[in-house]
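Trainee: Each chain, letter by letter, is given below.
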Amino acid sequence: MSERNPYLLLGLDYGARTDEARRGFARAARRIRRSGSTEVTIEDLNWALHQIQSQESDPFDAVDHFRVPANPAVFHPGGKGLFNPAPVPLARRAKTNQSDVDAVVTAAADEAAALLEATTPHVISFDHGYDVTEGTTG
Amino acid sequence: MSVTADTGDGPFCQNCARPTRPDDRFCGSCGAPLVAPPAMAAPDHRPAEPIEATRSPARPAPAAAIEFTRTGTTVPARSLLTNQQPMCVPCGADRADAATCPACGSARIVLPAPATSPIGSLHKYRKGVRKRFALRVDADAETSTLLMHDGTTSVLPHEQLPPTTASPLPDNAFAGLRGPLARLVRYGVAVQNQEVSLPWPASTLIDHALAIARDDLTGARVLAVDLLVLNRPDLLDRIGLGPHEVTWLRLVHAARTGDVERIVSCAAELPADRYRQKIAVLATFMAGVSTVPGAAEQLRPALDHYATDEPLAGVLRRTLGIEPRDARQYAADTGLYAAPFPLPAEVRAAVVAATATPDEIDESEIETAVLGAAGRLAHAHAHPSASRVLLPGDLTNAPLAILDDLADAGALDPDLVTASGRDDADITYLLGRIAPERLSDEQVAALGHTDEELRRAFLRGDHTALQNGLESATQAHLAALTALSRNRPQDVDLTRVAASARPQAERTLAVLRAVLDDTDPIEQFTEPLLEDRTVWQPLVTMIGADRLDPTPEVRGRFPRFFEWVSLVQAREHLFLARWEESVRSARDCLALATDEAIRDEARNLEACGLYYLGNSQAALQVLESALEGDGPLALLANAGVVAAELAPELAATHLARVAREAPSLAMRLNAARRAWLMWQSDEGRMWQGEHDERQLPVVLRAPLRAIVTEPIGLAEFQQILEVLAQYDADWLASPHSLDSSAHRDSLAARYFRARAADLSAAVGVLATIIDWHNAPEWIVEQRDSLVRQTMDVLFDSIDDPPGMAGAIAVELVTRVDGIAGRDQVFLSLLAVAALALRLSENGEEVTDELVNLLMSTRGSVAVLDGDDGETAHDLLELATRRVVLNRYEARSRDLDAYVEPYNEALAFLEQIPPGTSSWFAARHVVNQTIDACQRCRAQLNDWIPLVDHPDVLRDLHQFIEHTREFEFHARQVLGQG
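Here the protein sequences come in this chain order: A and B. Note that the first sequence covers residues 571 to 708 in this note's numbering. Note that the second sequence covers residues 183 to 1159 in this note's numbering.
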């Protein structure tokens, strides 16, 4: 190994937080026990946990450790389905009364009436009612 | 000319629709002249370019609506009626096409066409010595009647008429008038308004016209029409017309001027069952009419009469409150009212959108540009599929139940809700209704949305919260899924899983049972199961990534799933430091994957394995192939990490790319810092510039120059400047390099810019620091480093020191405070030794200041002990020797300068008689030589005790002896021997 990587040792996504690191420690310990790994030891895990817990700056601003994964989203297949159920909309709590509808209809009719009030006098001409002979005579 | 209008928002210009003040004569925005609002003048129907209504106002836009009317034409008021028959003007009965009125027997009235007439011509005749006006007020075939200036009339044959004179009125003063009598009225009005000065009072002129009109009913009606044009309906009852006819004409005039009070009074004055067209007039001004006090009572008889066959009369009755109506009827009336008017398409569409029921319109054709908030809300409520018209403000005052209706219809957008002006509680509730996932946990709890709380508990694996949740269908469903994901098939009750999810749950359960029964779980895989990507991770957890090793056939059947499994396996191997296995799994993934994101990640994992296997070259190649696409930034950072194991220049190149492209300043800074450390690869040496012209590569220079002016901390700023001062000095020293940095006036900026320019300037900045105890650590290090490196250079080249080094050393010890005592001693002695040597080589004499420095340092040498003491002693001897030799050579040069004049003086003294001026001059030269010898001896004698070197001491003694001999001979020449 060119350089020990605390996130890989604990089986965490690069940049994982301290609380995740603690949980990761337990998982990683189980993993090495189950797999019988000799490459990684509990001492390695202790060192890795300490590294993450003592880190002061944002690891995503650093460029000193290999980042795994580069794109965490690919490990979390998206979409809704059996194990990611869609949210259930809240049941409605307000009953629509006729007065609610009337309020909306009346306000809309008021707006329409305002438009008409502004418009109608401009599209009508007012004749005197007499028939007229067009043109001029000498 | 424009028209002001007032629709309740204050008057506005009809030309540009901008607000105006009531007393404005011209529009302040467009400059168009303004005339009175409709109450004072007829509407302007001129065609004009339509305006484009691009915004959707909170309130309807009457101004825009009026603009739309300018693109159309007008229609007669009677076209609004169901019965559009001609009307008998004298009695108001419907006349149809009958030649005579069936009610009053009046013949059909046809006004003659406008005719040219001599009436109204102005003449001038001589009366005494003055010329006087006369106005032709009547004419027949042979004679004309003139109104003379004194008010009398005179009938004259046409040929005896005095000559005409030009009218004092403008050319267009009679425009629009049909008959000649109106000209007399027009002159009367002009006199009344003091437009012109004529010899007759207005009443004389008007009375003449009205008197003539009374004699001819047709002429009277022609004049009546003209009186409307002249805005003089008050004269109508003086021309012999019947009272109803006069009232009707006044109603027409009131309509033309928009005078709603007179419209109401005239309409009420007319017989209730006659003059049907008054309904059209009243309808046109319905909104205004409804505001006139008592209008309902006054108009009720007429409206009642026409209500059965004129729908607008019915609308007027309900609008005036004669007949009650509800909101639906109001909306229906508004639509009914609008129907006969030739409205602009935009206005009609808006009215229809606001008032029509869903089955009345084709919503795809609805135009809502001039609709207000209430109109849009009503439209969206009635037509949920048209909810795109809604704006955030439309929701602000809407009844919550109406928004619930929109939510139920899927017509409520969460972004719209969030941006609306409703209170937090409403927004939380509405989001809960349409997008619960947008709520915070606290909001979900406050809302009491238990289903969403349970769902969230399930997603975060909080089984306790799920178990403790209220029993519900959702809780039972999620509990079953939890049992599945926790490998507890005995707790999975499929009957409690939602029906839509049951097939997937059943198949997942079959996989779990196969795992527990130790049969092949992969045999339970089906396409529908694995199309649901949310089961992938639970399946891997159930089976174990290491046990998912399918045959090529199965792998090919479910390629998307198994490419992802390979990715997971590769990562698992990395967690166990099994680098070779991780590389293999990543390559398995690459063999299947087509999705670029998956392939990029597979390459990343492969590169990681290769990197930890020590094959950084191959790792970098893999990462570079991933970087060819639009991969995540982490690939770039990893390339930098891997490249660090290769040549520093290559590492710097990759890190420099991160420094350019990273999303955060901190990451760019870190990358840049690492990049320059890689590139620098060994500790910078202050004096390497003389032998090593290394400059920052362009790829590194550009990001450093960019970052140094960004809002970074002072410490980072100082670090970058240190690099730039060393490797990009020309740029840093340029006048405006740091202008945009917040630290441009800091000590770091001053010091490193000076250092980039030259070392002497840098020493100058160091010399400005007085309190070194409180100085930043870095500047102390810079000072000490400069001192150390200067000493190193002088030590290393003690017999051939660089030209500047000695001078810098002198400046350091004489101008900069805080240098350690030992360093001061060494620097001083090295400076003296170096400069004395250089000066001697150049044939120049050491300055007294340099000698003083040497002398002042001598006492300090004794303070040093051990190796430092020995070294200092040696340096003191060297410096002293070099100064003595320099001074010895300088005096030797002095004395040599006297030899030739001395010899010439001796020759003179032998040849010329004593007492002459030349004799005295020669003796003076000899005296000067004696003085020079004494000066040389006096100066060099002081150095003899200080010189340890035997050869130098011998030379010094010999030279002193030489000066004695020289002086002795000189004194003999002068007779002093």
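No lab work stands behind these hints: they were computed from the structure. Just so you know, not all the hints are guaranteed correct.
Said to hold, decoys possible - To be clear about the criterion: a stretch of chain A counts as covered by chain B if any three or more of its residues have a C-beta under 8 Å from a C-beta of chain B, and this derived list gives those stretches: (1) 616 to 627; (2) 634 to 640; (3) 648 to 657; (4) 666 to 679; (5) 692 to 704.
As the list claims (entries may be wrong) - Cβ-to-Cβ under 10 Å is the rule here; a few derived chain A residues that face chain B: (6) A586; (7) R592; (8) F595; (9) A596; (10) I612; (11) L686.
Claimed, not checked - With beta-carbon atoms standing in for the labels, derived distance ranges: (12) B:L896 to A:G649: 47 to 55 Å; (13) B:R308 to A:V702: 54 to 62 Å; (14) B:E778 to A:A664: 20 to 28 Å; (15) B:A680 to A:D634: 46 to 54 Å; (16) A:V702 to B:Q342: 31 to 39 Å; (17) A:D634 to B:G1025: 52 to 60 Å; (18) B:E806 to A:D634: 40 to 48 Å; (19) B:F977 to A:D634: 36 to 44 Å; (20) B:A527 to A:G649: 53 to 61 Å; (21) B:E963 to A:D634: 19 to 27 Å.
Positions of the beta carbon are idealized from the N, C-alpha and C atoms, including for glycine.
Trainee: Run every hint past the structure and note whether it holds.
Mentor: Status of each hint after checking the structure:
Evaluation of the coverage hint for the stretch 616 to 627 of chain A: breached, as 1 residues show C-beta separations to chain B shorter than 8 Å, against a requirement of three. Counting residues of the stretch 634 to 640 of chain A whose CB falls under 8 Å from any CB of chain B gives 7; the rule of at least 3 is met. Coverage of the stretch 648 to 657 of chain A by chain B holds in this model, with 9 residues showing a Cβ closer than 8 Å to a Cβ of that chain against a need of three. For the stretch 666 to 679 of chain A, the stated coverage by chain B is satisfied: 12 residues place a CB nearer than 8 Å to a CB of that chain, which reaches the threshold of 3.
Counting residues of the stretch 692 to 704 of chain A whose beta-carbon sits less than 8 Å from any beta-carbon of chain B gives 13, enough to reach three: the coverage restraint holds. Taken as an interface hint, A586 of chain A does not check out: its beta carbon lies about 12 Å from the nearest beta carbon of chain B, beyond 10 Å. Interface restraint check: R592 of chain A against chain B, minimum CB-CB distance 16 Å, threshold 10 Å, status violated. At a threshold of 10 Å, the smallest CB-CB gap from F595 of chain A to chain B is about 12 Å, leaving the interface hint violated.
Checking A596 of chain A against chain B: minimum C-beta separation of about 13 Å lies over 10 Å; hint violated. Taking 10 Å as the C-beta cut-off, the interface hint given for I612 of chain A is violated, the closest approach to chain B being about 14 Å. Satisfaction of the interface hint for L686 of chain A is found here, the shortest Cβ-Cβ separation to chain B being roughly 6 Å, below the 10 Å cut-off. Under the hint 47 to 55 Å, the C-beta atoms of L896 of chain B and G649 of chain A, about 48 Å apart, fit the expected range.
At roughly 42 Å, the beta-carbon separation of R308 of chain B and V702 of chain A lies outside the given 54 to 62 Å, and the hint is violated. Between E778 of chain B and A664 of chain A the beta carbons are some 47 Å apart, a value that contradicts the proposed interval 20 to 28 Å. Our hint of 46 to 54 Å for A680 of chain B and D634 of chain A holds, since their Cβ atoms are close to 48 Å apart. Judged by the Cβ atoms, the range 31 to 39 Å given for V702 of chain A and Q342 of chain B holds: they are separated by roughly 36 Å.
The supplied range of 52 to 60 Å is met by D634 of chain A and G1025 of chain B, whose beta-carbon atoms lie about 58 Å from each other. A hinted range of 40 to 48 Å is violated for the C-beta pair E806 of chain B and D634 of chain A, which are about 20 Å apart. At about 38 Å, the beta-carbon gap between F977 of chain B and D634 of chain A stays in the expected band of 36 to 44 Å. Our hint of 53 to 61 Å for A527 of chain B and G649 of chain A is violated, since their Cβ atoms are close to 45 Å apart.
At roughly 24 Å, the beta-carbon separation of E963 of chain B and D634 of chain A lies within the given 19 to 27 Å, and the hint holds.
Checked against the numbered hints listed earlier, the structure breaks hints 1, 6, 7, 8, 9, 10, 13, 14, 18 and 20; every other hint is satisfied.
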